[in-house]
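Protein sequences appear in the order of chains A and B. Mapping the first sequence onto the numbering used here, position 186 (from 1) lands on 186, and the numbers just tick up by one. All you need for the numbering used here is the position in the second sequence, starting with 1, plus 1000.
Because the hints were derived from the structure by calculation, they are not lab data. Every value quoted in this text rests on a predicted model; they were computed, and no experiment measured them. Hints should not be assumed to be uniformly reliable.
[What the hints assert, rightly or not] Simulated DEER-style distance windows between Cβ atoms:
hint: 1; chain 1: B; residue 1: D1133; chain 2: A; residue 2: G151; range: 36 to 44 Å
hint: 2; chain 1: B; residue 1: Q1029; chain 2: A; residue 2: R153; range: 51 to 59 Å
hint: 3; chain 1: A; residue 1: T185; chain 2: B; residue 2: D1124; range: 20 to 28 Å
hint: 4; chain 1: A; residue 1: G138; chain 2: B; residue 2: G1091; range: 30 to 38 Å
hint: 5; chain 1: A; residue 1: A250; chain 2: B; residue 2: G1062; range: 47 to 55 Å
hint: 6; chain 1: A; residue 1: P137; chain 2: B; residue 2: E1174; range: 38 to 46 Å
hint: 7; chain 1: A; residue 1: R195; chain 2: B; residue 2: D1199; range: 55 to 63 Å
[Stated by the list, open to error] Far from chain B, by Cβ distances over 10 Å, these chain A residues were calculated:
hint: 8; residue: R6
hint: 9; residue: R92
hint: 10; residue: G173
Don't be surprised by glycine CBs; every beta carbon is placed ideally from N, CA and C.
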Amino acid sequence: MSLAVRVIPCLDVDAGRVVKGVNFAGLRDAGDPVELARRYDAQGADEITFLDVSASAAGRDTTLEVVRATAEQVFVPLTVGGGVRGVDDVERLLRAGADKVGVNSAAVARPEVIAEIADRFGRQVLVLSVDARRCPPGTSTDSGWEVTTHGGRRGTGIDAVEWAARGAGLGAGEVLLNSMDADGTKDGFDVAMLRAVRAVVDVPLVASGGAGELAHFAPAVAAGADAVLAASVFHFGQLGVGDVKAALAAAGHPVRVADR
Amino acid sequence: MDHGSGNVRSAVRALERVGADVELTADPQAGLDADGLVVPGVGAFAAVVEGVRRVRGDVVVGRRLAGGRPVLGICVGLQVMFESSTEPGAGDRDGLGQWPGTVERLPVERVPHMGWNTVEAPADSVLFAGLADERFYFVHSYGVLADGVDGPAPVAALGTERLAPPTVTWAEHEGCRFVAAVENGALSATQFHPEKSGDAGAALLEHWVRRLA
């Protein structure tokens, strides 16, 4: 008996629509996040993550509606990240139906926000989202990886491995480790970075960035990930959630079989 | 029972999905009159106990159970049915004490215990009928342990003269066994979230709803 490795499709939502140039054959409304969440749920997704990439307050309100509508129809956990500044944002998202909320830049700017949210709602709602990359030439951290902000465009010089450990210590219930080097490459997860973070973090660890084919998932789990997250491979219909689970199971990792 | 705890809307929706007529209410009389009462709970033990007491939920639960009327606790809603918790901040806040025992931190490396786990349900379980091989969604750092550090398993003492002997379903995380669910006369509770456990969770809720008057 042990926990199943969670397979988590991630949807980037901008003002109520899924972005990233998606192309879903056979779906009535290609860019509708609620529709997609339902489809992934039916495929056996263990959790659904929304990343709110809206730039405006109105866009964020629309995302709240998306969360609300999805929570009405999808009976697996929903995680929402993007633009979360503090307890008020968390409260709004939880009320809309989110089960977990991701914080990223706000925690980098003001680490105390982690404890504030954990104290108020419990650490199980708080996912520390870390966008990390290998230090560019001429810069360095102890681990060799640094935290970035603004979608990976801006380096902070903060050691990504230390930051993950610190965030978990401050009250984050889970760490979502997104490799900005691997993101979008489809060359596989950054297993070295996963291993380094796993060594210092006891809370669940979600691997993100780089998934391109079925063979990429099991090594991330072997490196210590409790869950694997991917976006475009699912959106483009290249891989199904069930395919990923079958590949994980074949590699000896427990998965939740949802037969529908 | 609306006692101000987290994402209760999911529980409402999941119960409606299996055919229940659901009212989300803080009104004690409505809580007494309902065919079944669900006590959800996420977050800190002390905060949930406080919220439940604020809406007189302790009295409502006690009176319902005295009359043999069904109550279902979910997650921290299971934990508060016990006497106490070792969670920081919970020390001065007693649980509802419907069951003896203390909620403790899971003595394992990886907490929270988060994700889909299997359970060991006894053959006579009503809630888990036909669901023995399914996984359910857990997210918690505290639980009722099979091997309490300060004595015998608390749940072994669950049966009292008033209540039927408990049917206990177990789960395990990193070798630590803890209570996944209890079915004890009119009082049932799950440590996991059936409302977030997909079709298996819906089936479990349906089993509970079907038994209501």
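Verification of the supplied hints:
1. A C-beta distance of roughly 42 Å is found between D1133 (chain B) and G151 (chain A), which places it inside the suggested range of 36 to 44 Å.
2. The hinted range of 51 to 59 Å is satisfied by Q1029 (chain B) and R153 (chain A), whose Cβ atoms lie roughly 57 Å apart.
3. The supplied range of 20 to 28 Å is broken by T185 (chain A) and D1124 (chain B), whose beta-carbon atoms lie about 53 Å from each other.
4. For G138 (chain A) and G1091 (chain B), the Cβ-Cβ distance of about 52 Å falls outside the hinted range of 30 to 38 Å, so the restraint is violated.
5. Distance hint for A250 (chain A) and G1062 (chain B): a CB-CB separation of about 52 Å, consistent with the stated range 47 to 55 Å.
6. About 41 Å separates the C-beta atoms of P137 (chain A) and E1174 (chain B), a value consistent with the hinted range of 38 to 46 Å.
7. The hinted range of 55 to 63 Å is not satisfied by R195 (chain A) and D1199 (chain B), whose Cβ atoms lie roughly 35 Å apart.
8. Consistency note on R6 (chain A): stated as away from chain B, yet its beta-carbon is not over 10 Å from all of that chain's, at 5 Å minimum.
9. Every Cβ of chain B is farther than 10 Å from the Cβ of R92 (chain A); the closest lies at roughly 12 Å, confirming the non-interface assignment.
10. Distance check for G173 (chain A) against chain B: the nearest CB is about 5 Å away, which does not clear 10 Å, and the non-interface claim fails.
Against the hints set out earlier in the document, violations occur for numbers 3, 4, 7, 8, 10.
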